[in-house]
Amino acid sequence: MPVNKDFAGRTFPATKPYEVSRVKIAEFADAIGDPSPVFRDRDAAVAAGYPDVIAPPTFPIVVTMASSGSAVADPALGINYALVVHGEQRFEYTRPLRAGDVVTAQSTIESIREVGSNVLMNTRTELRTVAGELVCTAFSIIVERGGVGVA
Amino acid sequence: MTARVKYADVEVGSELPAVSFPVTRLSLVRYCGASGDFNVIHWNERIAKSVGLPDVIAHGMFTMAQAARYITDWTGDPGSMTEFGVRFSAPVVVPDDDTGASIEVTGTVEEKLDGDRVVVALTARSAGAKVLTRARAVVRLP
Numbered sequence: 003m004p005v006n007k008d009f010a011g012r013t014f015p016a017t018k019p020y021e022v023s024r025v026k027i028a029e030f031a032d033a034i035g036d037p038s039p040v041f042r043d044r045d046a047a048v049a050a051g052y053p054d055v056i057a058p059p060t061f062p063i064v065v066t067m068a069s070s071g072s073a074v075a076d077p078a079l080g081i082n083y084a085l086v087v088h089g090e091q092r093f094e095y096t097r098p099l100r101a102g103d104v105v106t107a108q109s110t111i112e113s114i115r116e117v118g119s120n121v122l123m124n125t126r127t128e129l130r131t132v133a134g135e136l137v138c139t140a141f142s143i144i145v146e147r148g149g150v151g152v153a
Numbered sequence: 036m037t038a039r040v041k042y043a044d045v046e047v048g049s050e051l052p053a054v055s056f057p058v059t060r061l062s063l064v065r066y067c068g069a070s071g072d073f074n075v076i077h078w079n080e081r082i083a084k085s086v087g088l089p090d091v092i093a094h095g096m097f098t099m100a101q102a103a104r105y106i107t108d109w110t111g112d113p114g115s116m117t118e119f120g121v122r123f124s125a126p127v128v129v130p131d132d133d134t135g136a137s138i139e140v141t142g143t144v145e146e147k148l149d150g151d152r153v154v155v156a157l158t159a160r161s162a163g164a165k166v167l168t169r170a171r172a173v174v175r176l177p
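From first to last, the protein sequence lines are chains A and B.
Under this note's numbering, the first residue of the first sequence is numbered 3, with each subsequent residue one higher.
Under this note's numbering, the first residue of the second sequence is numbered 36, with each subsequent residue one higher.
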């Protein structure tokens, strides 16, 4: 099944609220091997000028990938997920995500195009607090390698 | 707290010291759990090889996280990034041994922007291959 180009420009519903916790931030910081106390200790974070423990710069992917991933996994889009690799990733930050934030992610498929035997999809995912504050925007390029093209 | 790099002290063209970050099978298992990305190519050698990979490979986002740490270790402030983007140009192949692989990161100050912001261009290599290209971070400095 070819990839359905009609999905370009489509915006998907926002995800359910995700509560950022100190424990999850510390687990993520441990997993990436970054020992900074600002990711673990509220006092250290406050001393560094933050209201609470902040999350590492790539932590938002935990929330944004669930959103863009479910958009890309829509059966009507026709992506063969076994052939998918992560091509590019970019974040624009308003501020660091931090413990206590309750956020939702909303994804848009910005474009779908063929490059050789690959299909490239650009997604944009906005991460906002439930109060509406934009915390960061994640831009991903998802590549379906050697599929059957677009239609 | 780590000393913070100041905008006034940064010179365009200056090179940041290279840093090597280790990555083992255990790193990938932990990253699967922490990130929620359980794609089998990051922990199952049999399936990784069946889809044409040389071995288990690291998550691109794990490599991006090491590059982010490289930048924030330099600035001294883990919350200093305003923008960060990379292209995943080659996989980081992680063998099943006690050493694993390493990711060597280097950076160069490319530009100074208004608003006390600095652009750093990065490279990341593993086993001789460029694993990140077009890697660029913008940080806000005091």
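These aren't lab readings, by the way, just hints derived from the structure by calculation.
There's no promise every hint is true.
[To be verified] Using 20 Å as the maximum straight-line C-alpha spacing, the simulated SDA-like pairs for lysine to any residue come out as follows:
no. : chain 1 : residue 1 : chain 2 : residue 2
1   : B       : Lys41     : A       : Ala49
2   : A       : Lys26     : B       : Gly68
3   : B       : Lys165    : A       : Val87
4   : B       : Lys84     : A       : Arg12
5   : B       : Lys41     : B       : Pro57
6   : A       : Lys26     : B       : Asp72
7   : A       : Lys7      : A       : Ala75
8   : B       : Lys41     : A       : Arg147
9   : B       : Lys165    : A       : Gly89
10  : B       : Lys165    : B       : Gly68
11  : B       : Lys41     : B       : Glu146
12  : B       : Lys84     : A       : Tyr52
13  : A       : Lys26     : B       : Lys84
14  : A       : Lys7      : A       : Asn82
15  : B       : Lys41     : A       : Ala50
16  : B       : Lys165    : A       : His88
17  : B       : Lys84     : A       : Val87
18  : A       : Lys18     : B       : Asp72
19  : A       : Lys7      : A       : Val104
20  : B       : Lys147    : B       : Gly111
21  : B       : Lys84     : B       : Val64
22  : B       : Lys84     : A       : Val86
23  : A       : Lys18     : A       : Gly89
24  : A       : Lys26     : B       : Leu61
25  : A       : Lys26     : A       : Pro39
26  : B       : Lys84     : A       : Arg147
27  : A       : Lys26     : B       : Leu148
28  : B       : Lys84     : A       : Leu85
29  : B       : Lys165    : A       : Ile143
30  : A       : Lys18     : B       : Leu61
[Unchecked claim] Which residues of chain B face chain A? A partial, calculated answer using Cβ under 7 Å:
no. : residue
31  : Ser49
32  : Met96
33  : Met99
Every value quoted in this text rests on a predicted model; they were computed, and no experiment measured them.
C-beta: ideal position from N, C-alpha, C; glycine also.
Run through the hints listed earlier and report the numbers of any the structure violates, in increasing order.
4, 5, 8, 10, 12, 13, 19, 23, 27, 30 and 31
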